[in-house]
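One-letter residues, chain by chain:
2 protein chains.
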Amino acid sequence: MGNNNIDDAAIKYDTSLSADIVIFTVHEDELKVLLVNRAHDPFKDHWALPGGFRKIGIDKSLIDIANRRLVEETGAKANYLEQLYTFGDEKRDPRGWVTSVAYFALMPYDKVDLIAGDGVSETKWKSVQNRVPRKLAFDHGDIIKMALSRIQAKLEYSPIAAHLLGNEFTLPDMMAVYELIMGCKLDKTFFRRSIKKADFLIDTGKKSDKGFKKAVLYKMKKGVEKSLFFPRGLYARN
Amino acid sequence: MGNNNIDDAAIKYDTSLSADIVIFTVHEDELKVLLVNRAHDPFKDHWALPGGFRKIGIDKSLIDIANRRLVEETGAKANYLEQLYTFGDEKRDPRGWVTSVAYFALMPYDKVDLIAGDGVSETKWKSVQNRVPRKLAFDHGDIIKMALSRIQAKLEYSPIAAHLLGNEFTLPDMMAVYELIMGCKLDKTFFRRSIKKADFLIDTGKKSDKGFKKAVLYKMKKGVEKSLFFPRGLYARN
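Same order as they appear, the protein sequences are chains F and C.
According to this note's numbering, the first sequence is numbered sequentially starting from 294.
According to this note's numbering, the second sequence is numbered sequentially starting from 294.
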């Protein structure tokens, strides 16, 4: 949650409802999350997720709060935010009951130009490769942990990792992203077989000029990038 | 959402936050959802999901709202409610912005003694076997559709259907529940192979006395009933 100073007297905030946004990227072989340093109390000078209260009459729906606060605080503009979970109780915010609807997305590092925006003294990608940063504001550490579990689970049935790759990529590129998110080494043969079975890649006919062995460049099948969920069809349907 | 009359002047409601609850069961070979007929406006005399506003100072967290309203309106007491999704915008409720956190669960038909409780003129299991009932209050039709998609997806990676079965059941019993939820016929051989692979059943050594061929009675492995999520471990971990 960010700045809740009201500079325009006509604009009112609903201070019982907020959105918080978990943006992950991969940079320098590490999985990182986008955090802001809070310029105001509560939790002044603490790292927190970007987010903030609903602007009454301005935000037409929950996702509007998330998209607006993400841009206002960090400069990042997400193509697609997915709802993660909603947190709400008497204790998570010292100011009283706040319901926070959390969203998440994966974004390529070089597509984001960070700013220290509204209510924020610093905006930074922080590594979550080995552990989630400690002493975050509110329950934001728990929110990040849940978002991590969710993307790890989604890797098994969706092409979510493609959001971190360029338009064209090799299977080793893709496996590296999977390994960073899963936090473990994968079996190369098994990985290739699983990806092939999932059937969402197209061979571009080109080869990468990186590395010793020239690997095939793939791209995502059309439409697949947008659908973050596609069941693998375990069941025979009549 | 239910009755928002306040009979005790000391108790206040937060009328911008509600919980709605989607309870499914299987009865007479049909998948059914628990609905209430609203005794008050808005949407008086319309069928709706059980639910209602946060009672300030009484509900300590979001799940408290859901558990309290489910019992107050319908008499049903859920062992475990899972958060589905959060709906919130300016238009879904004629009274103004309401954020509704939706929960869902599967319950055995004979474990629920229905009442027409607080703010409700009638409580009923309504079939969703062929289609979701029309003209429901608010956006409750959309909420039910999302809950249906979620349990259909969960069938592929969790023993969620076990919540609808007794302590001991045959594979044909289990397949019947899967077919009702999926809304399609399954391949018997493929179903048996998938269930075996998922490895969450124990052979009780007993046989069912129903039907022509005496089928083996199974029970869930200990602990499995509680975990509504277990990834199938597609990836090799080091």
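A hint or two may mislead.
If several chains are the same, the list does not tell them apart, and a pair holds so long as it fits within one copy or across any two.
Only pairs whose alpha carbons sit at most 30 Å apart, straight line, appear in this in silico DSS-like list of lysine-lysine [said to hold, decoys possible]: (1) K503 to K515; (2) K478 to K305; (3) K305 to K348; (4) K514 to K348; (5) K353 to K428; (6) K384 to K489.
Read the hints as simulated data drawn from the structure, not as lab findings.
Treat the numbers as computed from the prediction; the structure is a model and nothing was measured.
Hint numbers contradicted by this structure:
Violated: hints 2, 4 and 6.
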